[in-house]
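Given these sequences and hints, build the entire structure.
Number of protein chains: 2
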Amino acid sequence: MKAVLVIADGLGGRPTDYDGKTCLEAARAPHLDALAERGINGLLYSIKPGVRPGSDTAHLSIFGYDPEVVYTGRGVFEAVGIGMEVGPGDVCLRTNFATVDDDLVVVDRRAGRISEGQNELERAVHGLKLNAYPDVDIHFKVSTEHRGALVLRGENLSSEISDPDPHKTGVKIHRAMPLVETEAAWQTAEIVNALVVRSYELLADLPFNRERERRGDLPANLLLPRGAAVPPQLTSLQERYGIEGAVIATGALYIGVAKLAGLRSFRAEGATGGLDSKILNKAILAVETLKDLDFVFIHVKGTDAAGHDHDAEAKIAFIERIDEMFAYLLQHLDWDETHLAFTGDHATPILYGDHTAEPVPIVFAGPNVLVDGVNRFNERSTTAGGLGVLHGQVLPVLFSYNDWGEKYGA
Amino acid sequence: MKAVLVIADGLGGRPTDYDGKTCLEAARAPHLDALAERGINGLLYSIKPGVRPGSDTAHLSIFGYDPEVVYTGRGVFEAVGIGMEVGPGDVCLRTNFATVDDDLVVVDRRAGRISEGQNELERAVHGLKLNAYPDVDIHFKVSTEHRGALVLRGENLSSEISDPDPHKTGVKIHRAMPLVETEAAWQTAEIVNALVVRSYELLADLPFNRERERRGDLPANLLLPRGAAVPPQLTSLQERYGIEGAVIATGALYIGVAKLAGLRSFRAEGATGGLDSKILNKAILAVETLKDLDFVFIHVKGTDAAGHDHDAEAKIAFIERIDEMFAYLLQHLDWDETHLAFTGDHATPILYGDHTAEPVPIVFAGPNVLVDGVNRFNERSTTAGGLGVLHGQVLPVLFSYNDWGEKYGA
Numbered sequence: 003m004k005a006v007l008v009i010a011d012g013l014g015g016r017p018t019d020y021d022g023k024t025c026l027e028a029a030r031a032p033h034l035d036a037l038a039e040r041g042i043n044g045l046l047y048s049i050k051p052g053v054r055p056g057s058d059t060a061h062l063s064i065f066g067y068d069p070e071v072v073y074t075g076r077g078v079f080e081a082v083g084i085g086m087e088v089g090p091g092d093v094c095l096r097t098n099f100a101t102v103d104d105d106l107v108v109v110d111r112r113a114g115r116i117s118e119g120q121n122e123l124e125r126a127v128h129g130l131k132l133n134a135y136p137d138v139d140i141h142f143k144v145s146t147e148h149r150g151a152l153v154l155r156g157e158n159l160s161s162e163i164s165d166p167d168p169h170k171t172g173v174k175i176h177r178a179m180p181l182v183e184t185e186a187a188w189q190t191a192e193i194v195n196a197l198v199v200r201s202y203e204l205l206a207d208l209p210f211n212r213e214r215e216r217r218g219d220l221p222a223n224l225l226l227p228r229g230a231a232v233p234p235q236l237t238s239l240q241e242r243y244g245i246e247g248a249v250i251a252t253g254a255l256y257i258g259v260a261k262l263a264g265l266r267s268f269r270a271e272g273a274t275g276g277l278d279s280k281i282l283n284k285a286i287l288a289v290e291t292l293k294d295l296d297f298v299f300i301h302v303k304g305t306d307a308a309g310h311d312h313d314a315e316a317k318i319a320f321i322e323r324i325d326e327m328f329a330y331l332l333q334h335l336d337w338d339e340t341h342l343a344f345t346g347d348h349a350t351p352i353l354y355g356d357h358t359a360e361p362v363p364i365v366f367a368g369p370n371v372l373v374d375g376v377n378r379f380n381e382r383s384t385t386a387g388g389l390g391v392l393h394g395q396v397l398p399v400l401f402s403y404n405d406w407g408e409k410y411g412a
Numbered sequence: 003m004k005a006v007l008v009i010a011d012g013l014g015g016r017p018t019d020y021d022g023k024t025c026l027e028a029a030r031a032p033h034l035d036a037l038a039e040r041g042i043n044g045l046l047y048s049i050k051p052g053v054r055p056g057s058d059t060a061h062l063s064i065f066g067y068d069p070e071v072v073y074t075g076r077g078v079f080e081a082v083g084i085g086m087e088v089g090p091g092d093v094c095l096r097t098n099f100a101t102v103d104d105d106l107v108v109v110d111r112r113a114g115r116i117s118e119g120q121n122e123l124e125r126a127v128h129g130l131k132l133n134a135y136p137d138v139d140i141h142f143k144v145s146t147e148h149r150g151a152l153v154l155r156g157e158n159l160s161s162e163i164s165d166p167d168p169h170k171t172g173v174k175i176h177r178a179m180p181l182v183e184t185e186a187a188w189q190t191a192e193i194v195n196a197l198v199v200r201s202y203e204l205l206a207d208l209p210f211n212r213e214r215e216r217r218g219d220l221p222a223n224l225l226l227p228r229g230a231a232v233p234p235q236l237t238s239l240q241e242r243y244g245i246e247g248a249v250i251a252t253g254a255l256y257i258g259v260a261k262l263a264g265l266r267s268f269r270a271e272g273a274t275g276g277l278d279s280k281i282l283n284k285a286i287l288a289v290e291t292l293k294d295l296d297f298v299f300i301h302v303k304g305t306d307a308a309g310h311d312h313d314a315e316a317k318i319a320f321i322e323r324i325d326e327m328f329a330y331l332l333q334h335l336d337w338d339e340t341h342l343a344f345t346g347d348h349a350t351p352i353l354y355g356d357h358t359a360e361p362v363p364i365v366f367a368g369p370n371v372l373v374d375g376v377n378r379f380n381e382r383s384t385t386a387g388g389l390g391v392l393h394g395q396v397l398p399v400l401f402s403y404n405d406w407g408e409k410y411g412a
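If you're matching them up, the sequences are chains A and B in order. Mind the numbering: the first sequence is residues 3 to 412 in the working numbering, read in order. Mind the numbering: the second sequence is residues 3 to 412 in the working numbering, read in order.
If you are wondering where the hints come from, they were derived from the structure by calculation, not from laboratory data. Watch out, some of these pointers could steer you wrong.
A pair counts as met if it fits within one copy or between any two copies, since identical chains are not told apart.
Said to hold, decoys possible - Each computed DSSO-like pair below joins lysine-lysine, with the alpha-carbon atoms no more than 27 Å apart: (1) Lys261 with Lys409; (2) Lys261 with Lys293; (3) Lys409 with Lys50; (4) Lys131 with Lys50; (5) Lys23 with Lys409.
Written out as structure tokens, the structure is:
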């Protein structure tokens, strides 16, 4: 048996989205409706009712992990998602390239959303070494634009430190402070503070930055870390179910969650994570990947991006592109041997423009599901489905249709 | 007020059971449909979505206990279910009579599923005494065929030991080993190993076994234990609700769970646990029992047995016999004063032949339920019911219709 999970980020909406309808209700999506018609339908609270899910906690919960138990922070997923190696006890921090003045007062937390020179900046920052801490390994990698991640590895480190990032402009960067009274927290705070100062020394006079200043652009003259976290202890999907799978996604966060759950990461050609992403290629790659592996997780991001942009038409258009992707999946998956789940990780309504707590529609299709007569896929129609309401646990339910996993008890 | 819980083991199914229908959908069950019509209907995950329930964990959860907190293993329920006394700290093990050769290599873990001489074997094994451990009481009882249970009682015992049972043939029996570094675990492993060796001394030359060998049958020449467990700490139904009840079942496991929850155990005439079980007698005995007690739990097993046998026709036929049982209950219960719940503990679909994670239909009937208009009792029809989806907790919901139990908070 094979399994496919498709998550459209921020898929859900509100009646205020578009003329009294949610974007899903307003979209023309005959293949999503066909999927509903051959599936069992319901609603998903990715975490639980009344909780506004973050993307990381939502995906953990969808994968069957309890975020209340395992969640340590977003930084680890970002670091893993951009390809960094992370081991138990490593301290991961998300970083921005920022612009500060001579007094280390923050001018722009994102250095003008810098969109060039990432490799040059990364090379410069590779010079980060602290003579005072020869036993601590320091790794840095850029992600997109101003984004990156730091990983500290060594004895006697702790994630219990406050952020150097003041999270606003016009104030001096903060000193990281220990949040608990341990030697490890004191030492880690000192290291991070030393790194921030050292990054200024390495970046301020970089010819690349001098050139930006000449052009009137903001220099990327400081590495500003936040959100220290150690890796969560996740029992991998191999251990839990004895299966091998892959993630097909663009966003580092989603790739990071999936890799920490034991999935490999494949990239579809032309997939960007934006509204123009060639998501059909994800479906084509998924069908190809299932020849070798048991499970594929496809993540598409455009629905969430359009919601954050308050752009109903863009969200509707992207849902119709998801519909084309499902035209391909409906035709090319081996439906005698495959169970598929499609849902979102949360709602991103147009007016609010951020994640909200309402449940999102969900459908499971495949030979073992009890088809329930629902023939439209949206927030209202699926409430009449046979599935009822799930709180996370999408992968365990999907995999249980494939009879993967041990009996609990005897 | 009175309460009745009826569990049909492995009741649920899949559309692959029988011509696109589940066995419940395929069965002609007018009285189950009548029950749905006078009840409130929904779906039950006996534990939670995506979890394949064992029979023991499922029943604990249906009774309102959290298996993640209380479950210690199946052995205790089996021991209690066959009538052994079990107290706090006792170490219980399930046993098989097995066949081994002179080098203690396992020839058959079940001594040819021996179906004779259980009393003689039990008497022989009653000679188990270990001079080296005069303070440890050793109790043994046979169950059915090759099955039995051992209970060790004394100071300084532990259930944290590995199985002597190698769980396969052609290899020497294992030595029980401590799983934790405690004196109690070391001592218990030594005792169990000594008991296994002593059982061979007692059984190998038993005239009964010599006779079997002469006939070409496998001798029951070793007692092979597995699954050491101490009793779970369950707050009894008397303590929780102040009520007295009984279980009417055949399987030792179900009787064991019920007795540990504080129920008495009654046996209906002609009830076997098999497909030919006279289950109507369980309903007759239940109605009789309710004259004296507050609550009766009826367990029937044939649905699960037929599912394990991949036999759709047998499962459908057994559901139709359950329907006859409900014809009696509908007629003879005092419906002004009684609430009844009917459900399964998990699905046992025909093709898969083992427990699966899908929810099973559930109905509550009685004067306080809100009748919801559902008039068919199966996996699909009850999704439209008024109850929604339960995760275990069937007894607490049933008893709450009777207003049994304390307010939580003030």
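Here is how each hint holds up against the structure:
no., hint, verdict
1, Lys261 with Lys409, "both (25 Å within a copy, 24 Å between copies)"
2, Lys261 with Lys293, "within (20 Å within a copy, 51 Å between copies)"
3, Lys409 with Lys50, "both (25 Å within a copy, 12 Å between copies)"
4, Lys131 with Lys50, "neither (44 Å within a copy, 50 Å between copies)"
5, Lys23 with Lys409, "between (42 Å within a copy, 25 Å between copies)"
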